[in-house]
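Keeping their order, the protein sequence lines are chains A and B.
The opening residue of the first sequence carries number 128 in the working numbering; numbering runs sequentially from there.
The opening residue of the second sequence carries number 986 in the working numbering; numbering runs sequentially from there.
Honestly, the hints are just simulated from the structure, not real lab data.
Check before you lean on any hint, since a few could be wrong.
The calculated lysine-lysine pairs, modelled on DSSO-like cross-linking and capped at a C-alpha distance of 30 Å, are [what the hints assert, rightly or not]: (1) B:Lys1104 <-> B:Lys1027; (2) B:Lys1070 <-> B:Lys1100; (3) B:Lys1000 <-> B:Lys1126; (4) B:Lys1110 <-> B:Lys1070; (5) B:Lys1110 <-> A:Lys189; (6) B:Lys1104 <-> A:Lys198; (7) A:Lys180 <-> B:Lys1150; (8) B:Lys1000 <-> B:Lys1104; (9) B:Lys1150 <-> A:Lys189; (10) B:Lys1177 <-> A:Lys189; (11) A:Lys184 <-> B:Lys1177; (12) B:Lys1150 <-> B:Lys1110; (13) B:Lys1208 <-> B:Lys1100; (14) A:Lys189 <-> B:Lys1071; (15) B:Lys1126 <-> B:Lys1104; (16) A:Lys198 <-> B:Lys1000; (17) B:Lys1104 <-> A:Lys189; (18) B:Lys1110 <-> A:Lys198; (19) B:Lys1019 <-> B:Lys997; (20) B:Lys1070 <-> A:Lys184.
Not everything, but these chain B residues come out facing chain A in the computed CB check (under 10 Å) [stated by the list, open to error]: (21) Lys1037; (22) Lys1041; (23) Met1066; (24) Lys1070; (25) Gln1077; (26) Ala1080; (27) Leu1081; (28) Asp1083; (29) Phe1093; (30) Leu1131; (31) Gly1134.
Virtual Cβ for every residue (Gly too), placed ideally from N, Cα, C.
Given next are the chains, with one letter for each unit.
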Amino acid sequence: MCNFSPKYASETMPKNTSHSAKSMLNLSALTTWVIDKSSRFFIDIAHAMAYLKTVLKNVITKPFEFQEFLKQCYQIGNKSIGLVSITGLIVGLVLTIQSRPPLVDFGAVAMLPGMVAISIIREMGPVITALICAGKIGSSMGAELGSMRVSKQIDAMEVSNTNPINFLVVPRVLAATTMIPLLTLYADAIGIFGSWLGINIKDNITIALFLNQAFTQVDFMDIFPAVIKSFFFGAVIGLVGCYKGYHAGRGTESVGVAANSAVVTSSLLLIIVDLIAVQITDLL
Amino acid sequence: MEKQAHTIIDIKNLKKSFGNQKVLDGVTLQLFEKENLVVLGKSGSGKSVLIKCIVKLLRHDEGSITVGNYELTNISEDDLMQVRKKIGFLFQGAALYDSMTVRENLTFALSRLNKEFSKNDIQNKIVEALENVGLPDSIDKMPSELSGGMKKRIGLARTLVVNPKIILYDEPTTGLDPITSNEISHLINDTKTKFNNASIIITHDINCAKTVADRIAMIKDGKIYKEGSLQDFLNDTDPYIQSFFK
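One chain only, chain A, in its complex shape:
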C-alpha cells in the first residue's frame, strides 16, 4: 500500500532537484495514493455486495435456523429495551420542554402534543432507536462474530457441515430487521408518554386529552413510512454488524476493530438511509 506523504517525497529527493521535478514527484505520489485508495474502496464495495448476495441467498435456503432466530430476537429485545426506554422517555421530555416556549410565544401551545408526537413518530423514534441499537447490538454482533472468527469457531462450524452464514448471519440479520421496528414503536410510545410528563411540568393535562390532541394531528402517512424505514434500519444494523465480525482479521485486536467499525459504519449508513427515506416519503 502506498502511504502518500508529500513531505516524505520532497525529503527523499536530491537537493538539486528542480521545483517542477518536485511537483511532478508529488503529483505522481498523490496519483498512486488516490488510485490505491479508490481501488481499495471499490474492492470493499464489491466484497460487501458479494456478502449481501450470499446473505440474501441464504435467507431463502433451507434449513432456516428458527431457534437461533428466536434466541437473537430475545437477545436484541432484552439487551436494548432498557436503553430504548430511558432514551425514548428523555427525548419526549426534552423535545416537549424545548418546544414549549416558542409555541407559547405564538399562542399555539395546544399544538404541542401533536407536534411532538409527529416529531417522535416520524423521525426521533426510528433514528434514536436505530442509533442506540447500532451501538448496542451492532457492536455486540461485530465483537461476537469477530471473536468466533479469531478463535476458529466459524471454521469449526464449517467443518461440522454447517453453513456459518446460514447459522450465524441470517438469524441475526432477520432478528434485527424484526426487532428494530418493534423497539421503534415501543420507543415512540415511551417518547409520547415522556412528552405528556413534560407538558405536565407547566400545565395540567390528562393523558386522555393529551393523546386526543396528539393523535388528531398524526395520520397513517406519519406512521407507515417510519415503520418501513425502521425495517431498513434493522437490516442495516444486522448486515453491517455481522459483516464486520464475520470478516474480522486475525488476533484479538481485530475483534475490537470489528466492533468499533460495525458501530461507525452502521451509524453512518443509518443516517444515509434516513436521508433517502425522507426524500422518498416527501414524494408520496
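Fit chain B to the given chain A structure using the hints.
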C-alpha cells in the same frame, strides 16, 4: 477414481500462496489407514495450511488432494459434505462454541453431520464420547469453566462423537503443561487403538511426536523435507533435523 486400498489421503504437488508468499510449494504426501502421521516443521512452515486444505477450509492453488474416492479440487457441495463426515478436526485452541455448553457443543456437531440420529442416540453418543476423554462430569459446563487441557479433551470428544475415519490434530499440545501434553498425546494413541482411525498430527512438540508417531513428515520451505519413521529421524545427521530432536 478408486485409490490404492490403504491410502486414505493422497496429496500431490500441493501449492498454496497468500499474495506473494508461497506457503506450500509442491507438497506430496500420503496418509495410510490406521496410522498416526506427524507433520513437523517450524512455526509458519505451512503445516496448519496443509490440513486446512484437506478439509477445504482453504482452497489450494495447484496440485491435488484425494480423500477416499473424492478429489477435492472441483468437489461439489454434497461430496464435500461426505468428505467432511469422514474427517474430524481438532483445532489448536479447541474452538469450542463459547455460547454453548459442552453438551450443546457435541450435539451441534453430531446432529448436523448425522441427521438421522434420534435425541436418545445423540445423548448416548455424547456421554460415550465424554467418557472416552475422561470428562463425563463436564457435560453441562460452559467452555469458559474449563482449563486448557479440558478444552482440548472436549474438543477431541466433539471430534470423536461423529466417529470420523480420519482425525486432523492442529497442534494438540500447544500451550499445555508437560503433564497435560503427555496426557493428550496418550489420548491420541488411545483414540487410534480404540477407533482404528488414521490421524495427521501437526506439531512442533517433539515429545508429542515421539509418543504418537508411526511416521513423520517434516516440512521445510513449503516442501516435504524428509519423510520416515521416528528412528529414521533420530538417526539422521542432517543439522536441520537434529535441531528439532536435540
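Okay, the hints, checked on the actual structure:
no., hint, in the structure
1, B:Lys1104 <-> B:Lys1027, "44 Å, violated"
2, B:Lys1070 <-> B:Lys1100, "12 Å, holds"
3, B:Lys1000 <-> B:Lys1126, "41 Å, violated"
4, B:Lys1110 <-> B:Lys1070, "16 Å, holds"
5, B:Lys1110 <-> A:Lys189, "26 Å, holds"
6, B:Lys1104 <-> A:Lys198, "21 Å, holds"
7, A:Lys180 <-> B:Lys1150, "36 Å, violated"
8, B:Lys1000 <-> B:Lys1104, "43 Å, violated"
9, B:Lys1150 <-> A:Lys189, "28 Å, holds"
10, B:Lys1177 <-> A:Lys189, "36 Å, violated"
11, A:Lys184 <-> B:Lys1177, "41 Å, violated"
12, B:Lys1150 <-> B:Lys1110, "16 Å, holds"
13, B:Lys1208 <-> B:Lys1100, "39 Å, violated"
14, A:Lys189 <-> B:Lys1071, "23 Å, holds"
15, B:Lys1126 <-> B:Lys1104, "20 Å, holds"
16, A:Lys198 <-> B:Lys1000, "42 Å, violated"
17, B:Lys1104 <-> A:Lys189, "21 Å, holds"
18, B:Lys1110 <-> A:Lys198, "26 Å, holds"
19, B:Lys1019 <-> B:Lys997, "20 Å, holds"
20, B:Lys1070 <-> A:Lys184, "25 Å, holds"
21, Lys1037, "8 Å, holds"
22, Lys1041, "9 Å, holds"
23, Met1066, "5 Å, holds"
24, Lys1070, "7 Å, holds"
25, Gln1077, "7 Å, holds"
26, Ala1080, "4 Å, holds"
27, Leu1081, "8 Å, holds"
28, Asp1083, "7 Å, holds"
29, Phe1093, "7 Å, holds"
30, Leu1131, "14 Å, violated"
31, Gly1134, "17 Å, violated"
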